[in-house]
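Chain by chain, the residues run as shown.
There are 2 protein chains.
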Amino acid sequence: MNIVLLEPEQTQSELWNIENPRQFQHLRQHLQLQVGDSLKVGIRQGLRYLTEVVALNETRIVVRPIETEAVPAKHPVHLILALPRPKVLRRMMMDAVTLGVERISLIHSYRVDKSYWQTPFLQQLDDYVTLGLEQAGDTIAPEIQLYKRFKPFVEDVLATLITEQRPAYVAHPYAEHVMPHAIQHPCIVVVGPEGGFIPYEIELLKKNGCQAVSLGNRILRTETAVPSILGRLFI
Amino acid sequence: MNIVLLEPEQTQSELWNIENPRQFQHLRQHLQLQVGDSLKVGIRQGLRYLTEVVALNETRIVVRPIETEAVPAKHPVHLILALPRPKVLRRMMMDAVTLGVERISLIHSYRVDKSYWQTPFLQQLDDYVTLGLEQAGDTIAPEIQLYKRFKPFVEDVLATLITEQRPAYVAHPYAEHVMPHAIQHPCIVVVGPEGGFIPYEIELLKKNGCQAVSLGNRILRTETAVPSILGRLFI
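Protein chains in written order, with the numbering used here: chain H, 1 to 235; chain Y, 1 to 235.
One should not assume that every hint holds.
Claimed, not checked - Beyond 10 Å from chain H on every Cβ pair, some chain Y residues (computed):
{"id": "1", "residue": "L33"}
{"id": "2", "residue": "L39"}
{"id": "3", "residue": "H108"}
{"id": "4", "residue": "Y147"}
{"id": "5", "residue": "I162"}
{"id": "6", "residue": "V178"}
Stated by the list, open to error - Across the chosen pairs, the derived CB separations fall in these ranges:
{"id": "7", "chain 1": "Y", "residue 1": "D113", "chain 2": "H", "residue 2": "K207", "range": "47 to 57 Å"}
{"id": "8", "chain 1": "H", "residue 1": "E203", "chain 2": "Y", "residue 2": "K114", "range": "46 to 56 Å"}
{"id": "9", "chain 1": "H", "residue 1": "R22", "chain 2": "Y", "residue 2": "D113", "range": "15 to 25 Å"}
{"id": "10", "chain 1": "Y", "residue 1": "I66", "chain 2": "H", "residue 2": "Q165", "range": "42 to 52 Å"}
Derived from the structure by calculation, the hints contain no laboratory data. Ideal placement from N, C-alpha and C gives every residue a C-beta, glycine not left out.
Throw the hints in and build the complete structure from the sequences for me.
Now the structure itself:
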């Protein structure tokens with residue numbers, strides 16, 4: 001947690017209270033805060049501030065904003081992920097948010113177990129976004145959409161998003177071309193499920209304007225591939 | 001698991017048995033193997049083969065090597081990691097191995113809890129390496145060393161490894177210069193603990209030849225930083 005994210009309604013007065021148990025406990029455990037210390041605080045979908053601790057007790061920390069700080073810019077990338085298994089969903093969402101993805105679409109694919117769409121973790125996406133923003137020092141949540149049908153998504157949604165200025169790259173271990181690096185333009189990145197997209201899916205993606213690109217001759221887990229791809233694309 | 005890794009002593013005869021329960025169960029669960037199917041098998045520290053399934057029953061799969069395949073090359077990077085907390089040690093080691101790191105040193109640092117050095121997970125590093133190799137399709141384990149004292153490591157070990165041809169980069173959020181990208185030379189990458197190196201440590205690293213470099217203005221978790229850095233350095 002590199003900033004504390006507060007809701008706009010928590011920041012209406014001159015002094016702001018940090019009393020959410022998760023945030024309060026984290027600060028208690030990791031920082032030995034005292035009155036007069038500074039603390040970075042962001043307002044969800046708003047500005048980021050350097051604040052000063054003016055009071056603290058057993059249940060809350062009271063801070064006063066001192067000055068605004070820059071909110072880190074996002075990368076102009078729309079990440080499309082085959083819905084990961086519940087166990088890694090949290091980590092992948094947190095990572096994507098921390099890494100500064102502008103938009104995330106979770107989609108179905110042949111190798112996505114149907115049961116994954118029933119996981120209660122899908123109700124917690126907002127919490128994962130908050131954790132990712134607090135890690136990155138960011139305040140602006142990416143847009144998130146869910147698409148439970150692969151073909152309609154690719155043909156009716158994805159195909160309309162791809163332009164010459166915003167190409168789409170599908171990570172595919174056996175592709176002939178390699179993923180570009182240090183790009184200067186917006187893009188769409190598509191990452192398949194564990195085990196990869198099936199050939200029919202790769203063909204449909206290509207037919208609808210995606211470029212299949214490889215990440216070299218090592219096959220990465222999807223949760224490793226996402227930070228690796230983003231680190232490579234946006235330097 | 002993109003190859004099955006066997007020990008050299010398991011591959012002395014013409015037919016090889018896959019009967020390790022973890023490997024056997026994984027293949028059972030994820031592949032509907034039948035006699036005649038092909039399967040990628042690697043020999044630890046040796047070659048990699050395309051094999052053919054010649055028999056299978058409830059406890060083992062028997063394969064016959066058909067032809068050798070290329071083992072993916074490693075990246076010429078020595079990764080130095082502040083010992084992560086036990087919960088993320090497995091993932092970080094697997095990721096580093098999958099991503100093709102040549103050598104890994106786990107080191108102490110001020111913000112590494114001393115208890116981390118007692119975790120039983122440190123006895124399982126070889127298992128994590130195996131998982132990472134099987135994911136990547138690699139057969140060659142990286143060298144791994146542990147250094148429980150920071151200062152002697154930096155002064156007596158790290159300082160002697162750094163040359164003009166093999167620079168060392170310490171990921172540090174507040175550094176003035178940025179991490180290079182798409183490099184063509186060997187390097188050393190140093191990644192601190194959660195919460196970062198303390199100023200004394202950064203100074204000692206710099207004094208001993210390391211370059212402090214930033215990853216931009218988003219602060220990444222260490223487990224996210226490692227694939228992101230490697231994806232950026234080696235394209």
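Do the hints match the structure? See the list:
1. L33: The claim holds: Y:L33 sits with its nearest Cβ about 15 Å from chain H, beyond 10 Å.
2. L39: holds (15 Å)
3. H108: holds (19 Å)
4. Y147: holds (25 Å)
5. I162: Y:I162 is indeed farther than 10 Å from all Cβ atoms of chain H, at 23 Å.
6. V178: Since the minimum Cβ distance to chain H is about 8 Å, Y:V178 lies within 10 Å and the statement is violated.
7. Y:D113 - H:K207: 47 to 57 Å: holds (52 Å)
8. H:E203 - Y:K114: 46 to 56 Å: Check passed, 54 Å falls within 46 to 56 Å.
9. H:R22 - Y:D113: 15 to 25 Å: For H:R22 and Y:D113 the Cβ distance comes to about 21 Å; the hint holds.
10. Y:I66 - H:Q165: 42 to 52 Å: holds (47 Å)
Checked against the numbered hints given earlier, this structure breaks only hint 6.
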